[in-house]
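S.K.: If you read the sequences in order, they're chains L and W. Residues in the first sequence are numbered from 1 upward in steps of one, following our numbering. Residues in the second sequence are numbered from 1001 upward in steps of one, following our numbering.
For the record, the hints were derived by calculation from the structure and aren't laboratory data. A few of these clues could be false.
Derived lysine to any residue pairs resembling SDA-like cross-links, with alpha carbons at most 25 Å apart [claimed, not checked]:
id	chain 1	residue 1	chain 2	residue 2
1	W	Lys1051	L	Asp37
2	L	Lys62	W	Arg1116
3	W	Lys1056	L	Glu72
4	L	Lys62	L	Ala33
5	W	Lys1051	L	Asp18
6	W	Lys1112	L	Asp37
7	W	Lys1307	W	Gln1296
8	W	Lys1110	L	Glu48
9	L	Lys25	L	Ile53
10	W	Lys1056	L	Ser35
11	L	Lys62	W	Lys1205
12	W	Lys1056	L	Ile61
13	W	Lys1205	W	Arg1052
14	W	Lys1020	W	Lys1056
15	W	Lys1051	L	Met43
16	W	Lys1051	L	Glu52
17	W	Lys1020	W	Lys1346
18	W	Lys1205	W	Asp1053
19	W	Lys1316	W	Arg1273
20	W	Lys1316	W	Pro1369
21	W	Lys1055	L	Glu20
22	W	Lys1081	W	Lys1020
23	W	Lys1055	L	Ser69
24	W	Lys1110	L	Glu47
25	W	Lys1081	W	Tyr1048
26	W	Lys1110	L	Glu52
27	W	Lys1110	L	Ala44
28	W	Lys1110	L	Leu10
29	W	Lys1112	L	Val39
30	W	Lys1205	W	Asp1360
Across the chosen pairs, the derived CB separations fall in these ranges [to be verified]:
id	chain 1	residue 1	chain 2	residue 2	range
31	L	Ile6	W	Gly1388	19 to 29 Å
32	W	Val1117	L	Glu72	21 to 31 Å
33	W	Arg1163	L	Lys73	23 to 33 Å
34	L	Asp55	W	Ile1108	41 to 51 Å
35	L	Ser69	W	Thr1008	45 to 55 Å
36	W	Glu1283	L	Asp16	50 to 60 Å
37	L	Leu51	W	Asp1011	45 to 55 Å
Per the computed footprint, the stretches of chain W lying under chain L, defined by three or more beta-carbons under 8 Å from a beta-carbon of chain L, are [said to hold, decoys possible]:
id	stretch
38	1046 to 1055
39	1126 to 1134
Think of the CB as a built atom: it goes at the ideal place given N, C-alpha and C, for glycine as much as any other residue.
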Amino acid sequence: MEVLEIVKGLISEQLDIDEEQLEMKTTFEDIDADSLDVVELVMALEEEFNLEIADEEVEKIKTIGDIVSYIEKQIA
Amino acid sequence: MITPIGLTKEDYWDNLLKGKSGIRNVEKFKDYASQIAAIVEDFNPEDYMEKRDTKKMDRFTHFALAAASMALSDASLDLNKVKDRKRVGVIIGSGTGGIGTIETQLEILKEKGPRRVSPFLVPMMIANIASGYISIFYGIQGPNATIVTACASGTHALGEAFRIIKRGDADVMFAGGAEAPLTSVAFAGFSAMRAMSTRNSEPEKASRPFDLHRDGFIIGEGAGVLILETLENALARKANIYGEIAGYGMSGDAYHLTTPDPQGEGAYLCMKRALEDASLPPESVDYINAHGTSTQYNDRIETLAIKRLFGEHAYKLAISSTKSMIGHLLGAAGGVEMAATLLSIKKGIIPPTINYEYEDPDCDLFYVPNKPCEKLIGVAISNSFGFGGTNACLLVKAFNGSIA
Chain L
1 MEVLEIVKGL ISEQLDIDEE QLEMKTTFED IDADSLDVVE LVMALEEEFN LEIADEEVEK
61 IKTIGDIVSY IEKQIA
Chain W
1001 MITPIGLTKE DYWDNLLKGK SGIRNVEKFK DYASQIAAIV EDFNPEDYME KRDTKKMDRF
1061 THFALAAASM ALSDASLDLN KVKDRKRVGV IIGSGTGGIG TIETQLEILK EKGPRRVSPF
1121 LVPMMIANIA SGYISIFYGI QGPNATIVTA CASGTHALGE AFRIIKRGDA DVMFAGGAEA
1181 PLTSVAFAGF SAMRAMSTRN SEPEKASRPF DLHRDGFIIG EGAGVLILET LENALARKAN
1241 IYGEIAGYGM SGDAYHLTTP DPQGEGAYLC MKRALEDASL PPESVDYINA HGTSTQYNDR
1301 IETLAIKRLF GEHAYKLAIS STKSMIGHLL GAAGGVEMAA TLLSIKKGII PPTINYEYED
1361 PDCDLFYVPN KPCEKLIGVA ISNSFGFGGT NACLLVKAFN GSIA
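Whole structure, please, built from the sequences with the hints as guidance.
M.R.: If you want it as structure tokens, here you go:
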């Protein structure tokens, strides 16, 4: 499965949002995710893709597109 | 109300009068000494909040929010019409808070390490989070606190809310208790104390307060939240008034961690102080909603304390333990039991103590055995005593329609 699809699935599951509402340019603010939601999402991503995302990297992530490109770089 | 015998005030009350037991065998506790509990079934938190929010809350908070939402609509209180939401507050008591969340996250810590522990662990497990969520949901910025006094939490929460209103620090308070203690570690802990009934073959008969063959309490879960407000406020908006809180008493046993004082001094003192707070004589009391846990100690000593305080009048009182039906809701007990007490006053009928079969010579008062009892109640008290030797008693009066 494409990274984008997996990320959308995780966010949809965690925040109870319809996947169709999620796009590459969607920000955490758009989906009303606070800092704790972001930490929880990062943990789910780390688990799913078997990697570690440093806090400094998390701070740079603003959109779903940022997540996808970061992960694609890591697993490439 | 969220209780093991009803998910609304109406169902709870109907089943109390029917003498229905909410206690049953629990599969997940089949390896424990006590295998029975009073579980809330068919409760869906999504009936009261967004699914997304439910995941960030422990079960005790689900119960608290559901009960708060029902209390608000039952009170027909429109918060948009309340002059100032800064003068609306909340105190929800809980004995064990989010103990289920701690248990789940501890497993994750052991299996997957600290990086996998949820960022929501802390805001899910802290006992004051139920009050926190209620304030956020309703935008109320008055006093916001919790009470953690084990099985007395709910009664203390109501008493403190009463005091807050009386002092003029708020006009309206959400108050009561919420508890979700049916988790493996909590159950094992209570079980290790040998305080719980092991009448596993007859769960519905296990909770038998004041009966000679009682053998311990049965843990239950749920929440009871009430809306307290100033009389002026209630009269101005023509509220359906269930009764008037007129006295509150507190005491400490200063005796033992879990065993009550043998002379019932703590129980005696808190009831006496509630009467003094209301400036009423013992003879004015018609009904006691007893702590009545179904342990040998509590029921004998509570009876002794009642006899010491009320003298001959003790034999004229109606006393009942609704725990005979719903089990012991720990920190939520005070909330659901005060609701039962107020409904008894309002309807003129007292729910029974079920499973009362064999008289205990040490418990020789009128416990409303097995059948409800019609009685005009002017004044009632509700008792809650907690581990650590903490005691609370709340006195309520029938409201006669005018300012005294």
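S.K.: Tell me the numbers of any earlier hints that the structure contravenes, in ascending order.
M.R.: 3, 11, 13, 14, 16, 18, 22, 23, 31, 33, 34 and 39
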